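Sequence order for the protein chains is A and B.
Okay, so the first sequence: first residue is 1 according to our numbering, each after it adds one.
Okay, so the second sequence: first residue is 1 according to our numbering, each after it adds one.
Because the hints were derived from the structure by calculation, they are not lab data.
Just so we're clear, the structure is a prediction, and the values are computed from it rather than from any experiment.
Treat the hints loosely; a few may be bogus.
[Stated by the list, open to error] List of simulated lysine-lysine pairs, BS3-like, C-alpha gap at most 25 Å:
1) Lys-342/A - Lys-28/B
2) Lys-34/A - Lys-160/B
3) Lys-174/A - Lys-191/A
4) Lys-265/A - Lys-382/A
5) Lys-326/A - Lys-28/B
6) Lys-232/A - Lys-54/B
7) Lys-3/B - Lys-269/A
8) Lys-3/B - Lys-279/A
9) Lys-314/A - Lys-390/A
10) Lys-193/A - Lys-232/A
11) Lys-34/A - Lys-294/B
12) Lys-279/A - Lys-199/B
13) Lys-184/A - Lys-153/A
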Amino acid sequence: MEVLKIATAGSVDDGKSTLIGRILYDTKSLTSDKLEAIEKTSKQKGYDYLDFSLATDGLVAEREQGITIDVAHIYFSTQAKSYIIADTPGHVEYTRNMVTGASTSQAAIILIDARKGVIEQTNRHFFINNLLRVKDIIVAINKMDLVDFSEEKYNEIKADFEVLMSKRDYQDQKITFIPVSALKGDNVVNKSKQTPWYKGQTLLEHLENLDRKDIYNVGTPRFPVQYVIRPKTDEFHDFRGYAGKVYGGELSVGDEVVALPSQTKSKIKEIYFYNDTYKTASRRSSVTITLEDDINVSRGDMLVKANDLPKIDKQFTATISWMDSKNLLTGSKYVLQHGVNKVLAKVDAIHHKINPDYSGIETDVNALGMNDIASVTFKLNKPIYFDEFKNHRTNGSFILIDSHSNNTVGAGFIQ
Amino acid sequence: MKKDTSNINPLENEAIYIMREVAAQFEKPVLLFSGGKDSITLVRLAQKAFYPAKIPFPLMHIDTGHNFPETIEFRDRLVDELGLELIVRNVQDSINEGKVKEESGKYASRNSLQTTTLLDAIEEFKFDACIGGARRDEEKARAKERIFSVRDDFGQWDEKNQRPELFDMLNGQIELGQNVRVFPISNWTELDVWSYIEKENIEIPSIYFAHTRATFLRDGLIWSADDEVVYREENEVVEEREVRFRTVGDMSCTAAVLSDASDIATVVQEIRNSTISERGARIDDKRSEAAMEKRKQQGYF
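In isolation and in its complexed conformation, chain B is listed as follows (with noise of 0.2 Å):
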């Protein structure tokens, strides 16, 4: 049987391509790491792009000490199960070292405060390529994002002046001391990383299911009672649902969403009838319409 490639994802072989971009033109690339759904389709995008050999660079989690175990867990089973080199740096140490400052108050988050751990690990490393699973729809401040972002030597994203980025051509030259933020699934939408999971049988974080869950109520959303890490009023009220979470970031900014879910085709019906964004669910997003920028502009993926 006439076997041909013309029905590989577009997408897919973008990604691919990117991936080999960044093995080739950088001294040392890191795959950043959250052991959610985006990173994990890098890890497989990865695997794809350079076999038979192994991921040429190692990933890299920056933990907020705040993450749902289950992602923690599954973390580690990936990166055992597919022989991988990862690198854990902690926001508990940063908050330790006197760099940053712990939040306080309802709406206290550490997501942000991730920066500045991972300017560090960069300068520790002397990383010069971080690979980051953001996608351009996520948000408007990524929408104007470049696949190759150049970040200065303070980690800083310059939008104003961005290089111009033609045709497949990729330009990775940077100074000592700069480096770039790769993002091979930028023209992904979320439903296209949902299908590519179901397509391509990926395993994630049981999170992302259906599952009965302590929670309670605010401004809208709902918020995990498990830990206590999320701060909670006297008089909001604990309750078990039945929810998901449709993306996985801090336990303190990540707000669960009411669903049955229980299997991946489900999940994929769900988002394609969702009328909510995915990053609605972010609250760190909403502190203002310039959220997402601010956070770039200091150095955040």
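With the rest of the complex left out, here is chain A (with noise of 0.2 Å):
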């Protein structure tokens, strides 16, 4: 079955747990022990009504302070598709969080409070799911049942959005706006009749009739090795197989390739899935293919089309979600993770930082502090072969590693 991904989005308190708890009622996913301990739970704080954030705030600081602090991931299906939704936080501070959320998903949901209208929060997501090329963005104008249902107000905001839309440089988004009451379960699963001047389709409708395809056929077919396979058992003596996943367009048998680094050429003689062979590896398939000539290939190298090569370089120019405490200083250096591959990476040029409000740039910039957003140059030790990312999802992204720390601090768009 299709699985689809979405993330949310939308400052503290515009209800995007109430949302995902809204669509989990109304599609019958909550089970009925969680609905009676949402129920319990709800009665206990002295509400008059059933807080469906209790279903996905996991964690006892979050239930204590009443915020989304890291991301949840909550499941539903329909007869159409499966469906996993990354809640992510709206607090500025978690912005990583929300980056890390976006990162795997196809659609996006931007929540917006009917009474706030578009804010500062609003700006910052839309361009964070621009940055990460989320191709469809539901603009869900929530709290309807607080402006008495009005079309002026739900057009207003539509407006004021239409604005941010004009700034934004991935153009090929499409952006659906949805006037609902998550609280009051309008326009979520169920039509409302309270919005008659609304002739659109309820957020539901609108997901199961959204094609998820488009963002995995981006690109053309790149193959990163993540493993050799030798057996050297007496049936497989000979057998050396390179595991991986197809990200693009897809591979087949006799296809002429080019291993990377190395640039040796060969064809492709067999691909496996478990013990049964295949003519073709579609996108995201994870396969292992045997090679006519015995070349020279380990993990981290990448398998390409001859005909369609990345660029191979030593540096490069990216923009940079910095995620960490500690600055990220000119001249410092890091493991850069590039799909499965790892290399040494040293700050080359900070250039300019990105207002994610859309409120212009700062240039003269040498550091860069937590949930800051820059287009900044690094040098590394051995080329990388990548594409950009607008071009290639996953070949044209990375992380950045504190070789200290281990922690990931950063995630990477190649310009």
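Starting from two chains that each stand alone, build the complex the way the hints lay out.
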């Protein structure tokens, strides 16, 4: 079955967790024991409604403070699809966790409180989804019940958001506006009687009709080698298979390929998935490939089609989302993980900081702090084989690892 | 005929990718195996990840001593058939050594005692990665956990300061003494696991299917009365019921459900129609709202 990953975004108290709870409730995905627990706790807290955020805020600290700190992954399914929703935090200080949630999602729901309209956090969340090239954006204008389901208010917010849309650099994004009340259940799963002026689909109807194919079809085939399989058994004495996942297009038996970085050519001999062989390995499939020639390929190397090479370079510029409390400085060194390949990287230059509220850029910057986004040039100790992020989500992204703390401290999108 | 891989389950592809990252990034990984459906699924995924080579890490069972005999029998047969290495460490030994204290009373369970035995075994073998069958849909604290979940040298989970995990990139860099708990089927639901077992025709222990068992009722749950490890009060009446187990933990903390599902197809149908969550039958989760989170902070997987 199709799996659709969605991330939510929105400021604190815009009702992200409530919206997810509402979807679960209205699609009857909440089991009776979980529902009972929500009813019990809501009552204990003295609420006159069901606090659905209790279903998603899984940590003690979250329930204590009534906020979402880290991403929760929520699962439900309909006849048509399986869904994974990444419920991400709204607080500015947890922006890194929002980037985490959005990085693997094909669609995003940005919530806006109908009483407050487009605020700075809306800009930031739209910017990040833009940066991450999330194709489908649903702008859920929530708490419509608190503005008397006013069409005027809805149109006002929509117009404000359209101003933002004109500023984005990823113009292929599809944006859909839906007026909802997560608390009362209007236009989430069931059509609302309160919004006769709204002719569009409910949130769930819209999700059910989303085509998730586009995003993975982007780019040409790249096959990073994860693991070399050498059984050395009687039956498979000379077997040398390259295990990995196909990104971009597809690879077929007989394709002429080049192994990077050695640039040795060969042809695909067999494609295995477990004990079965296939003619073609499709995108996102974790296969094992054997080659016609006995060439030297190890983990971190990459197989690509001979007529379609990525860039091979020891230097590049990328947009960085910085996620650590320790600053990124010019001259600092990090481990750069690009797919499954690791190299050493040095910050050559910080060009400018980009304000994720679309308020422009700041030049003369020599350090990046937590949650900053900036354009940075890196020098590497060994060349990597990459594409631009806008052409290839996987081969154009990387993470930075601090070699002292071993933490993942940044995410990069190659320009 | 043109054959391509496009119909292979995306969750299966993801899990295989994760298995290979473990084998490549760590020195001494181990697969935590309880004989339950999730860890049996992990074994099949590991076979697929490394075919035609053998699974490049051992299995380890932290045996509470209160397991269903059917599960243990099944465990031993499976490792035998697949030629795998199995390490067993016993909670009873930790009790004998005075490292943990056996609980007593109505709700006594050895489930949380497993943590100590697990942490000792990790230290004994110097495992740097432990693959587990936990799924995010099981419980709300688990819904928060990363696929590569770093634990400090006390085995503890720092839930408020987890590493960002972006795209497909898994960062397995750790310091000596730390270890990573790896969850390849994080994104699977209970129904996904059952559907996969059905599709792949994977054998599972018989207690997952309907059978007649001596049981008694407590707190609206059905408890097995077959064994002395389950504490029973005199007024709790033993009756034979047709039941099956939906999740297989310890006998002392796993309740049965009434069922006549005797094969995998009817089990899948039953799960599809169920209005109770899987963990609704795990007594250990009902101790408090944060039972799982607390156990994980202490090093539970």
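Measure nothing beyond the straight line between the CA atoms of Lys-326/A and Lys-28/B; if it is 25 Å or shorter, mark the hint as holding. With Cα atoms ~31 Å apart, Lys-326/A and Lys-28/B exceed 25 Å; violated.
Between Lys-3/B and Lys-269/A, is the straight-line Cα distance small enough, at 25 Å or below? holds (15 Å)
For Lys-34/A and Lys-160/B, compute the direct alpha-carbon distance and say whether it is at most 25 Å. Roughly 24 Å between the alpha carbons, so the hint for Lys-34/A and Lys-160/B holds.
Take the C-alpha atoms of Lys-279/A and Lys-199/B, compute the straight-line distance between them, and say whether it is at most 25 Å. holds (22 Å)
Decide if the proposed pair is consistent with the structure: Lys-265/A and Lys-382/A, CA atoms, cutoff 25 Å inclusive. Status holds; Cα separation ~21 Å.
Given pair status - Lys-191/A, Lys-174/A, alpha carbons within 25 Å: holds (22 Å)
Distance restraint between Lys-34/A and Lys-294/B, which requires alpha-carbon spacing of 25 Å or less: With a Cα-Cα distance of about 19 Å, the restraint between Lys-34/A and Lys-294/B holds, given a limit of 25 Å.
Hint check: Lys-232/A vs Lys-54/B, CA-CA at most 25 Å. Holds or violated? Satisfied, since the Cα-Cα distance of roughly 10 Å is no more than 25 Å.
Lys-342/A and Lys-28/B were given as a pair; does the straight-line alpha-carbon distance stay at or below 25 Å? Holds, because 20 Å separates the two Cα atoms, which is no more than 25 Å.
25 Å Cα cutoff - pair Lys-193/A, Lys-232/A: violated (68 Å)
Tell me if the straight-line CA distance from Lys-3/B to Lys-279/A falls inside 25 Å. Since the Cα atoms of Lys-3/B and Lys-279/A sit roughly 5 Å apart, the hinted pair holds (cutoff 25 Å).
Would the pair Lys-314/A and Lys-390/A pass a check requiring their Cα atoms to be no farther apart than 25 Å? holds (20 Å)
Comparing the model with each numbered hint stated earlier shows that hints 5 and 10 do not hold.
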